[in-house]
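2 protein chains.
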Amino acid sequence: MVSVMKKYVYYFTEGNKSMKEVLGGKGANLAEMTRIRIPVPPGFTITTEACAYYSKSRKWPTELKGQVKKSLERLEKQMGSKLGDKQNPLFISVRSGAAASMPGMMDTILNLGMNDEAVKAVAAKSKNERFAWDSYRRFIQMFGDVVMGVDHKYFEELLEAAKEAKGFKYDTEFSANDLKKIVIAYKELVKKYAGKHFPQEPSEQLSMAINAVFGSWNNDRAITYRKLNNITGLLGTAVNIQAMVFGNMGETSGTGVCFTRDPATGKNEFYGEYLMNAQGEDVVAGIRTPLPIVELKKQMPKQYHELVKMRDMLEKHYKDMQDIEFTIQEGKLYILQTRNGKRTAHAAVRIAVDMVKEKLIDEKTALLRVPAQQLDQLLHKTLDNEGKKKVKLLAKGLPASPGAVVGKIVFHAEHAVEMAEKGEKVILVRTETSPEDIKGMNAAQGILTARGGMTSHAAVVARGMGKCCVSGVSDIKVKEDEKQLVIKELVLKEGDFITLDGGTGEVFHGKIPLVDPVLGGEFGVLMKWADKHRKLNVRTNADTPHDSKVARGFGAEGIGLCRTEHMFFEGDRIQAVREMILADNLEGRKKALAKLLPMQRSDFIGIFTEMKGLPVTIRLLDPPLHEFLPKEEEDIAELAKTMGVSKEKIKSKIEDLHEFNPMLGHRGCRLGIIFPEISEMQARAIFEAAADVKKKGITVKPEVMVPLVGIVKELELQKELIEKVAAEVMKEKKVKIDYMIGTMIEVPRAAITADEIAKVAEFFSFGTNDLTQMGLGLSRDDAGKFLPKYVDMGIYEKDPFQALDQQGVGELMKIAVAKGRKANKKLKLGICGEHGGEPSSVEFCHKIGLDYVSCSPYRVPIARLAAAQAVVRGK
Amino acid sequence: MVSVMKKYVYYFTEGNKSMKEVLGGKGANLAEMTRIRIPVPPGFTITTEACAYYSKSRKWPTELKGQVKKSLERLEKQMGSKLGDKQNPLFISVRSGAAASMPGMMDTILNLGMNDEAVKAVAAKSKNERFAWDSYRRFIQMFGDVVMGVDHKYFEELLEAAKEAKGFKYDTEFSANDLKKIVIAYKELVKKYAGKHFPQEPSEQLSMAINAVFGSWNNDRAITYRKLNNITGLLGTAVNIQAMVFGNMGETSGTGVCFTRDPATGKNEFYGEYLMNAQGEDVVAGIRTPLPIVELKKQMPKQYHELVKMRDMLEKHYKDMQDIEFTIQEGKLYILQTRNGKRTAHAAVRIAVDMVKEKLIDEKTALLRVPAQQLDQLLHKTLDNEGKKKVKLLAKGLPASPGAVVGKIVFHAEHAVEMAEKGEKVILVRTETSPEDIKGMNAAQGILTARGGMTSHAAVVARGMGKCCVSGVSDIKVKEDEKQLVIKELVLKEGDFITLDGGTGEVFHGKIPLVDPVLGGEFGVLMKWADKHRKLNVRTNADTPHDSKVARGFGAEGIGLCRTEHMFFEGDRIQAVREMILADNLEGRKKALAKLLPMQRSDFIGIFTEMKGLPVTIRLLDPPLHEFLPKEEEDIAELAKTMGVSKEKIKSKIEDLHEFNPMLGHRGCRLGIIFPEISEMQARAIFEAAADVKKKGITVKPEVMVPLVGIVKELELQKELIEKVAAEVMKEKKVKIDYMIGTMIEVPRAAITADEIAKVAEFFSFGTNDLTQMGLGLSRDDAGKFLPKYVDMGIYEKDPFQALDQQGVGELMKIAVAKGRKANKKLKLGICGEHGGEPSSVEFCHKIGLDYVSCSPYRVPIARLAAAQAVVRGK
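Heads up: the protein sequence lines correspond to chains A and B, in order.
Its first residue numbered 558, the first sequence is counted upward by one per residue in this note's numbering.
Its first residue numbered 558, the second sequence is counted upward by one per residue in this note's numbering.
Where hints are given, some of them may not hold.
Given that identical chains are not distinguished, each listed pair holds provided it fits within a single copy or across any two copies.
Computed cross-link-like contacts, DSS-like style, restricted to lysine-lysine with a CA-CA straight-line distance of at most 30 Å [claimed, not checked]:
no. : residue 1 : residue 2
1   : K1188     : K1210
2   : K1291     : K1252
3   : K855      : K921
4   : K1270     : K784
5   : K710      : K1270
6   : K1342     : K1206
7   : K616      : K634
8   : K953      : K643
9   : K1210     : K996
10  : K1147     : K1346
11  : K916      : K866
12  : K563      : K574
13  : K1346     : K1376
Hints listed in this document are in silico derivations from the structure and should not be mistaken for laboratory results.
Because the structure is a prediction, the values reported are computed rather than measured.
Chain A extracted, bound-state conformation (with noise of 0.2 Å):
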């Protein structure tokens, strides 16, 4: 066998930034960096194809070991320095780096090289002692942490204590000899706890640390976060091996982070923080509160210049906000990192549309630019300005994350999640957050932390989930153990309700009501562009005049569902359908209809003037008729009263109409065919409102709607039917109206047999909440019990109540498209059930041809979104 030599390091000078897939994220970037002149500290990258080898061997691929070796040698040469040399030793970092952005959730060693022998070249070296003994020890505390999988609380402990013991309240206050005694206590404390001594050979620290990245890849954190954010197909992580430079080095050194624009508002001014004589880690944990980039324009103004020279470069290559890691080492900068920056929706609409005036991108970028899920942030709720006043307002803090939420305390993920599951609205209240907390915080309405800055955990994660968070409130005391938010005086508990205002960082005592937020701007300008580009209508489920309305203040181009038994569940309403439920013939249900008629109509009057002559699509009754008697025996014997029938009678009735598989019983269409009266009394509802709405000189469009037809003699029965009451009425009021009649499609007979179906219907809607759950046989009601596991084991990617199941569902209905349409080319296709208003299923029915998707009033913005993305990825 001939084998070739398969490259699994690429030293910087050798990427770009087009290979994130072999380098990841930062290695590209690094590599592209370097190739257009940025101070970028040498390295080289191994390739996520090494970890996939790695993660399934459990060992190298033979060539990598031969390949580091030649690149660490390069690297030594550029660097005029050798790792381990006793005169002049290197020291390097080794990062992970996946393709995908995954901030703070795989591992990282800064200082690889540090040993009882260069610590003291170092400290000769740097004259400076004191930096020397802090590096070897930072080193010695990530390396245990990380790669020898010591705790970190034990290192922090020790670390604490001999804080105390000097009195000292910063790490800094340390002398060079405290520093060494501390050493020596973190080597007792690797051998304790991780059963052997700490490494003395760099290059034995150096395949551990690689081994410790690779393996990052599959740890609980990285793997939650993952599935959060929907990351799949991905080899593994890369790992960066890249020279040390160091923010420690003294009060000419500092770190930061910058974004090249504003992350919360998109405001295009720079933005960043940073700490003096730190490492990069010292910046993103949290664990210091950081300085705002302008200060340091007054403590080091050219280094804060150039800085403002790399933000230029970088933005207009990258031709998108970059977020920055430098590091200056006595005075000089480096950047050590770019990404393209995370942002909340506000962010990343304003960047977007400020982008293309600056001609730095073009419309469909732009459309691309903002995630259409992360809409909903827009839409989100703000704190109703009097009610502000009526409460205590407890702190102030940073506005890591906007929006605004009312909820009760909760001091630990976990319980976050247990209340949540429950259906509380909580805050998680920590003094910092960390990857585990992961899951609690996405189970949170919002996150208040003591500690961190604008770019801590806390703050970055809340803005990737579009979650409200307040971060770095430093007047507030968590005493996790305790569960004691502690502010001054007050003391608040667990439960205790507060309000967060993550547009301000303001904390409230108690409950603020919310009001609606006010749209335009750069918003209106980006859904204009999204108009003009996608091919989808889209439309809105709304069963009221007042949801009607609404949706169409988010653009809805007319009703793709509107569900009648809404209407029939108001008022005196209830009491005429109980009524024809508890009719013991036709004469009675007839009767009791008539006292319905004139009720529905004027509902559709209603929608019918508000949609001003868009299409508006009306579904016949669809729940089984149990759900409109009384459960409960005393509703039962107030029933019987009004009715003035017995208890008896009724209680036979719920007994006679019960069903064991409900979903699967006698409800949608199998209602009007059974009891054609019902259809026949919501049809001339329908087209009696109709007609008054026309004669007011209004355009009317009335698409009726059969449900859950299974076999097409079930929609000739009703079509046939409709079509009747439609002639009479049309008569009677001698108006002429347009109208359609569909059907949806929602049982998997329905789409295998659409070609049948379709020589029948005008148009279809896919009812796939109903699809999904015929079609993978799972009832939405009870699937809680396992449906969440199932996404844990990944047996089901995400939950298929949410995004559609493309796989499954999906396939169905492009079956369904296929045969539909062949056998009536003017079919109108639309979507109804909930997917309609997620992103990814929207693109799906863009691709398989959907002429329209309908979501409900809120999610509007965000399917006009993504029908655009899908048209611009589509090309």
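Once you have looked at the hints, place chain B on chain A.
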């Protein structure tokens, strides 16, 4: 427009037996008999297309009138007499006749042409005034009833009153004068109830009669009959117009019905009945009890021998047992009709096998001669001989249709339907049955009539339905109105139990135990031919060694579905199952499962041993766990006591496990995935049993079937676990077991993604019960509220839970077969839903290329025959 003259009328000499679609069965046979020179009265046939035209437009096609006129003139010329002629009048019969036989379902008019003038001509010409007036009397009665809608009871009441007034017992006792008076009274009766005069003009009579026959195609009886017998796709009925011959011209005239072989036993013996001085309807309607055909030999030997000659000619010509109607008019024999005779399953098998021996037909034809569904009759139980001795024999009638039944007496068809719906076993007891009783006969277990022979309505229909029937029990008196069955002194009431033996004609008081049938003889020969020709394997659904044994006796070639949960209910197992369900943790569940392991293992040992090396497909636990918990308060209390836990704990568990749609809930492989320990125990039981049996030297082929798979990952997880257990057991027991792992295809998504699943599964078994439930969105437990009406309305042609819905569910199966085989060439395919024993479904399974069907033990012979028929038909 050039209009081509369409042929709507065929003279008997113009047609032949291949023209059933157009001429109907009766018309085609009359033409065929004419062609082969059987003495058939001449005539012509109006096509089914004319009927279809009339059904649609309520008028005749333009060409029809002229064509009828022309053919009538030809008939008059041939007969030398003229319709309505005052000297030499022609009389004709007008009869319906569709392509499929629908005995007694549609209308017939005899003696057409009779009027106030013709009656005199007949009297003069025949020198038999009495005959003339009797014919006129009969004609008015029939025409009044069938064509003019005057209820026949009015005529009968009048006739009865006249008889009573004269003290007569039989119609034949009336003098010509009596009949003249009756004719006058009849005409008044017509005027009174029909609102117009009885038409004197023969051409008016003829067109009215033709319209009545056309209309009879869509009367309720005919529609019900077609539905019950799954007769679809026909255009309508043909109308046969034929010169009348008279069986009631005095004592040298007569009429009868005969079968070329015994329709009950199949014995090659001439079989039939006749009445002297009567018209055909008198025999069929069962009003007078006719004489056996052998009596004719003594009464009219010449005619008898001629009839026997005709019998031989016709059977040889048609190569099937014939049902022949004949009339002797003043000593001359006419054959009025021949058709393939209805027969019992017993007779069908014997005739088919005998005819092969006689070289009349070949094996393949013989296989098609027995409707597979009918075999059910042969497998019917018979009366226990000992039991028979212990009860009172009430009476003996004709053994009209075989089988033995026990049931409650019911006197009205509607009531039979109601009681049957409540699950009661009833026997419909009537003086005589009429087409209006069909639904009730279908609902009843058996039928008992006081009047009517072996060819009476009750007998013919019961044989068609495979129902036990005893007819013509002259010792009993049925008082339908008083709901009494009177046998000499004994008066039985509705609800009293009786037992019928359809094989002997015996009627017993009370209940007699039933015993299983013994098969063999011709049945065995036929089954051997079936096995020779079929391609499908036939397996059985069996959960116990006993069922396995029974099924092997019926020819099962393996077990296609062994439901392990049935084993869970027995004895103290349910206790262990409940312990498992109530356990709070894995430990507790494992402890309970350990108790179940030896029990399951011993079940499997029993089944494997019984099946002696045939494949056994074992399905892992399928039903939701709540099915194993008690429902009633006192059972809960009992369980709490035995389990030593509180009632509250059990109730809370029941509450926890409650599901809104258990069909779509936590069941099937979803149990094994959330509780892998259950699948583990079951797999262990299977492999330990297999190992034990193999060690005894018996070959064993377990096929482990994972239920309710919807997505391939589910199967992967369960397969991994099963393989792990299999490997462990094989290692422990030191024996290699040949096994397969596969899945049921019962979730629509599984069918749609069968390519993915086939990569992991070694076999698919279509679970068409659930696939129908999910695919059609129909809960089998709930559909009773609308499904029967759906079938009545023709929305679904047949109950999709009985006969596979080929367009819908079948299409899903086709997709799964195509995708599955493409992905895995070696994939084994079967069906284990109840459709696996229904002939049309078996044929479908053959057509789509399954490897086997599996059905309940008693249906195995049906499936074997149906599988062979599918092959023969497919060629």
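Hint numbers contradicted by this structure: 3, 5 and 8
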